[in-house]
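A.B. asks: Chain residues, written in single-letter form:
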Amino acid sequence: MDLNYTAEEQAFREEVRSFLQAKLPADISSKVKNHKRLAKDDFVRWQKILFAQGWGSAAWPKVFGGTGWNAVQQHIFDEECADAGAPLQLPFGLKMVAPVIMAFGNPAQQQRFLPRIIDGTDWWCQGYSEPGSGSDLASLKTKAERVNSTDGDHYVVNGQKTWNTLGQHADWIFCLVRTSTEGRQQEGISFLLIDMKTPGITVRPIIMLDGEHEINEVWFEDVKVPVENLIGEENKGWTYAKFLLGHERTGIAGVGRSKRELKKLKGIAAKEIAGGKPLIEDMRFRDRVAQVELELMALEITNLRVISAEGEKKRAPGPEASILKIKGSEIQQMLTELQMQALGHYGLPYIEEALDAGWGGDELMPTYADYAAPLSGHYFNFRKTTIYGGSNEIQKNIISQMILGL
Amino acid sequence: MDFNYTEEQLAIQDTLRRFIAKDYGFEHRRATAKSADGFDRQAWATFAEFGILALPFPEDMGGLNGNGVDTMLVMEMLGRGLALEPYIATVVLCGGLIRDAGNTAQQESIIGGIAGGERLLALAHYEANGRYDLAHVTTTATANGGDANSGWKLNGAKVVALGAPAADTLVVSAKTAKGISLFLVDAKAAGVRLRAYPTQDGARAGDVKLVNVEVNAEALIGSDGGGLPLVERAVDYANAALCAEAVGIMSALNEVTLEYLKTRKQFGVPIGKFQALQHRMADTVVATEQARSMAINAAVRVDSADAAERSRTVAAAKAYVSAQARFVGQQAVQLHGGMGVTDELNVAHYFKRLTMIGLTFGDADYQLGKFSDTLLAA
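Chains A and B, in that order, are what the protein sequence lines are.
Counting from 60, one number per residue, gives the positions in the first sequence under the numbering used here.
Counting from 10, one number per residue, gives the positions in the second sequence under the numbering used here.
Hints were generated in silico from the structure; no laboratory data involved.
Hints are not guaranteed to be accurate.
Claimed, not checked - Just so you have them, the derived chain B footprint on chain A, three or more residues with Cβ under 8 Å:
(1) 135-149
(2) 342-348
(3) 351-357
(4) 381-392
(5) 459-465
Because the structure is a prediction, the values reported are computed rather than measured.
For each residue, glycine too, the CB sits at the ideal point set by N, CA and C.
This is chain A alone, in the form it adopts within the complex (with noise of 0.2 Å):
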């Protein structure tokens, strides 16, 4: 038992950390940091720059153009970008569709895609929940009719996907769609992938509580797809996305994240002056400070608990990832509830320019502080993280059923 980091360990961590000093654009970090809007192109560039360094997929194996990390190594690698305030490299091609195409694509799906999504060429989007879809994705709609035709046989896609993240800048969209309404409903089901530049595709967005456009509804109206862009067998799909739902595993915790956050939350409370001194000093206000940070310093063990065991035994993907879900998102949540909560007053001013890099603030408002703005549409915003990715409640079922037997 040693919870100290090796030499080797501790090297490789100055060794990230020498890069991002390097190479991670200051203006990129600022809008992180300070919760700013992030465009396609902040993403697209670190995610280029990455790449440059052979760094482009710390989970992918090398044949694939991945780093070949271990999971220490992958921790570390996600801890100090966080406290670097790089963006967070977006999920869906990086480690939701590459791992799939890696573990069920054909040799040609994988020349032809892998590489567009590890130099940040292609940016990917997920196509999964429908409106009547949601938790029980396994009743989704969306149908993909065969057809045979002289240009090559396709699919015919029609139905809607909501939920859709980012989508407005995809070039590509991985869709669960229904191929047969035999059987379980969970047979009937295959992995397509879409160019989302195919006729037919409408996205349209969905305005979310705090006022930006992050989501979407896509919509397929005859959309023509090749069968070449089928990954592997027909009805097989519901396999391959429960892979995919339990692949994601080092990262899911967010206990990176949540460490800079934690320290921004400190640096706003030391800031705020309550009754003459700084709110950090109001035993109430400090004391929630404290308990969100017990959570997380269990938290923290918690994951390392789970990715050595992962590092050693190569273990598949297992139900303790459901708990560092539960836990990871409640934390997030406490933490944007705190600083929202730091601003007192200004916790309500809804200014949406502040949210663009480089706002000076207002001469009529100075005791609004420059880091007020975000806060509250953060807060917001974050209340999804306990209903995406499989929401707590059925993170709760899968403990309760896959783990206890219940």
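Fit chain B to the supplied structure of chain A, relying on the hints for placement.
C.D. replies: This is chain B only, laid out in the frame that chain A set:
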């Protein structure tokens, strides 16, 4: 980064697990709690044979050179069995104090006795109106004729000294002209009076009154006036041990509760089929795993040479584990329905022990405050 146990650690764990299963079952435990001593002297002798009473002492004192993680493993298993033996009082608290601060003569005369299972000790430190404040000591130690070499006279009163009824020797804190100091006091010395009682969880403790108790100069542990940091460190060891014990209990309790959910039927189905109960059960599992992480953290850092780091980590762990223990205990009782509030099942006994752990050596609020105040320094 390594979360594995050594072969020796796994062996200790395995030995204790088998002992608890075979020789320290719930009915045995129940009878022991009602016996005059309130613990099993035969089990204590077995612990000596296993070596766990020698565990945290260095080899040159006849010990096994164990660390905080070894203590954690032992406490987790003792927790599973709801063991009543005064392991924390004798080995962790008083043994730790004498190991860290005793002089060679004290170490030679006492550590061997602890390791061999022949000698029991108890710390008599807390006092009325001081709550969990370790610096609150009004008991006095007066040097005879003003000369510390001529021995001391102790006067005062101590509350809820765990394990005191069976102790051969008490470690008593008292204020001298130089400050808080620690003294070895024979439990049978003239002027020592003890009001012994069982605790809510079936263990034994007592209030101690000291009236003109004479001890010689060799009774002083560590330096005159240097007692407080020693007690702080010892209580940190004890709290780390309590965290591990609580985690052992929570794991065992979850197993019992899960089994009940699978076997108890209502409305024609096992009650574990109901989602309201499934989610409560899932919550207790999450709470237990998170508590385990904090207990591990405390077990590793309690050996830190940096006192601030040690005490901050242990406070964090105790605050967190106590809160999870309260949650898990209350849920287990609720999930057992009426059976959960009977004396008949072990569930209530696990629950009571978890509750008492929360109140011992600083409750969740006290520990949270201690941790929270470190945020001011940051």
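A.B. asks: Please go over all the hints and tell whether each is borne out by the structure.
C.D. replies: Comparing the hints with the structure gives:
1. Evaluation of the coverage hint for the region 135-149 of chain A: breached, as 0 residues show C-beta separations to chain B shorter than 8 Å, against a requirement of three.
2. With a threshold of 8 Å between beta carbons, the proposed coverage of the region 342-348 of chain A by chain B holds, since 4 of its residues qualify and at least three are required.
3. Against chain B, the region 351-357 of chain A contributes 5 residues with a C-beta closer than 8 Å to a partner C-beta. That satisfies the three-residue criterion, and the hint holds.
4. Coverage of the region 381-392 of chain A by chain B holds. Counting CB-CB distances below 8 Å, 3 residues qualify, and the rule asks for three or more.
5. Here's how the region 459-465 of chain A fares: 6 of its residues keep a CB closer than 8 Å to some CB of chain B, so the rule of at least three is met and the hint holds.
Violated hint for the displayed structure: number 1, the only one.
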